[in-house]
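Visitor: All chains, please: the whole structure from these sequences, using the hints.
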Amino acid sequence: MSIIENLASVKIALIVAACFFQYGRYWSDWAFDYYLIWSDPAARPNAFANAALYYANQNDTPQVHQYISYVDLLIASLGIGAGLASMRDANILFDGASLVLMISGIASHVTSIIPSIALVAKSNDEDEIMEALKNIAVAHTIIVTAVTGKDSNIFGIARVDGY
1 MSIIENLASV
11 KIALIVAACF
21 FQYGRYWSDW
31 AFDYYLIWSD
41 PAARPNAFAN
51 AALYYANQND
61 TPQVHQYISY
71 VDLLIASLGI
81 GAGLASMRDA
91 NILFDGASLV
101 LMISGIASHV
111 TSIIPSIALV
121 AKSNDEDEIM
131 EALKNIAVAH
141 TIIVTAVTGK
151 DSNIFGIARV
161 DGY
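Going by the working numbering, the final residue of the sequence shown carries number 163, and the count climbs one at a time with no gaps.
Pairwise CB distance ranges, derived in the manner of DEER restraints:
no., residue 1, residue 2, range
1, A97, I37, 22 to 32 angstroms
2, A13, E128, 38 to 48 angstroms
3, G96, R44, 39 to 49 angstroms
4, S9, N57, 36 to 46 angstroms
5, W27, I106, 16 to 26 angstroms
Worth flagging that the hints you see were computed from the coordinates, not collected in a lab. All values reported here derive from a predicted model rather than from experimental measurement. C-beta: ideal position from N, C-alpha, C; glycine also.
Guide: Here it is as structure tokens:
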């Protein structure tokens, strides 16, 4: 087995593990996000209060819990780096697209989720909190879509490589 084939196997394992870790992380938030943007709020009158409490508690967690995502990001970066290291045309296309999707997910997290969670924890304005909760739910949807695209790219390149 050549070094490039080893890198392809490592890349696939790292990126798929990172993607599924993120799916699990956002799946736990889906229980609150669903009622904010995908269903009728009148059917679940406590949806906003429950989500506000959940995200306010997330804001108050110890710092170590807030940095767990960085470990996942590091794993995904190592996987993408392993793919780009082989410098084949297919790798540049798929791993470059995965890199763009990862950056868009990070940008959504940094610009929407972090400020919105802080706002939910500190604000007393109900309309402002509702808007922030919807921003969080939409950003989660964007990130999961980006992660799904990244996963699809990885499975696509695995198919091209003959795995």
